[in-house]
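Trainee: On the provided structure of chain R, position chain G as indicated by the hints.
These protein sequence lines are chains R and G, in that order.
Counted the way the numbering used here counts, the first sequence spans residues 1 to 284.
Counted the way the numbering used here counts, the second sequence spans residues 1 to 233.
It is possible that part of the hints are untrue.
Selected chain G positions facing chain R (in silico; Cβ < 10 Å) [to be verified]: (1) Ala203; (2) Ser206; (3) Ala207.
To be clear, the hints were calculated from the coordinates, so they are not data collected in a lab.
Even for Gly, the Cβ is constructed at its ideal location relative to N, Cα and C.
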Amino acid sequence: MNLENDTARWQAAGQSVRGAAHERSGMPNQDAICWRPDSGAGSSLVLAVADGHGSSRYPRSHTGASLAVETATQLVHDFVTGQADAENLSLVKRAAEEWLPRAIVRAWREAVGEHINANPLSEIELDALGRTNGDLTKAYGATIVTVAVAERFVLYLQLGDGEIMTVSDQGAVSKPLVKDERLFANETTSLCTADAWSDFRVSFQPITNEQPALILLATDGYPNSFRDEAGFLKVGPDILTTIRAEGLDRVKDNLETWLTDSTHAGSGDDVTLGILCSFVPFCG
Amino acid sequence: MSMRPGGELATRPLHFIWIADCSGSMAIDGKIQSLNTAIKEAIPHMQDVADENPNAQVLVRAVRFSDGAQWHVSQATDIADFKWEDLDAGGVTAMGKALSIVADQLKIPPMDERALPPVLVLISDGQPTDDFAGGLQALMNEPWGRKAVRIAIAIGEDADQEVLKKFIANPELRPLQANNPESLIKYIRWVSTAVLKSASSPASQSAAASTSGLNVPIPALPDAGGPSADDVW
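Bound conformation, chain R alone (with noise of 0.2 Å):
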């Protein structure tokens, strides 16, 4: 057992790659996966993946996507760590949905802004971009894919493509969100859009009797590698039951060729994994 103290019920991995696509043009990974705290280990965990738009008009989406795992992960962890009354739980509730969505965002523009001064856009990229818009933060636009998981609820919030799946002990799949149906053909909601906070989907699920055993973020590029949405779903219990038979180190040291081999055989697209897993017992 490698967990720093007895309090921990959950810890965290994961992998970014870069895409076979990528690979073949050149292109640097635009994913970005993020978790707090650092040690990947507590009673409470904050995961992150974001997928940085590959068009050309978003020369720094890679960027963005770094910026927007970072200050999720770092919002999200002081917004739970930092609840005065945890205990109530619809405060608690309230708050995530309605607060949470726009800090991200805020926050996420903040960050860019700064960026933006340090490293003015070059001509370029300001041609990539399209001089007619004014918003220079749409040369930074991505999605985000946001799980912390605490004491006494999981929250799940999402804006744009990718996927959330939670795994019972059982091994049932599950999704936390409802299906957005205009994430299709290429195009996701994003954090550079106005009114992007709007467009988040978000779940509290009060931790009740049972919790759930594995909790898996993805990139679209990894559900789009599989033939079909079965052969994607069947990654959580397969992982689950690789930690129960030789634990999360085994899938630590798996995923990074995992990921690869998925994208050269599957969609090309750079692919992001992150796992939140909570048994102690099997772990490690």
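Mentor: Frame of chain R, contents of chain G only:
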């Protein structure tokens, strides 16, 4: 090494559909022969584009329309195995019916949500003689119809530009005007290579930013040139 989690991996399908006018007027001045030549000439270039992006599976079909509309190539065929059988011309211009049968194949299923946006190329030298509006509506009722990359090539001065513009449904993209065999070859080559390459990229973009309706960046058009002494159509 533990076994890779999940089911079977697969590249993303990219459906490319030629929608070709085979009305009687296409028999005049060698139009149909030029179209057959242009598409045949484009196939190896499409294969090259597909080879450059092994993560997109380019699947090609073709619809012909005249007195009715039928699948000329009904099976979505991997471009590596695709062969073009010559079209012949005769009859009227059932363009609406052609769009309807394409719409049927763009339903989900048989289409897959994870597919790349399909490319539809409508080629015509005349005016529809059937319910074009109904066919177009059927196409646009399907999510993949609305999100398809829709390109139109007008052959000759008698082609109905307004109808082709309605098919494209995007003010930023006009029908390509081919008035001689060389320009037809040029446009067929462009859509078979530059457009295909753009559509096969997994790049995403903000839906709200897509005010143009173009979810796939359209590459620069080939030089159309002005009216030429070579114009025969």
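Trainee: For each hint, tell me whether it holds in the structure or not.
Mentor: How the hints compare with the structure:
{"no.": "1", "hint": "Ala203", "result": "holds (3 Å)"}
{"no.": "2", "hint": "Ser206", "result": "holds (4 Å)"}
{"no.": "3", "hint": "Ala207", "result": "holds (4 Å)"}
Violated hints are absent here; each numbered hint is respected by the structure.
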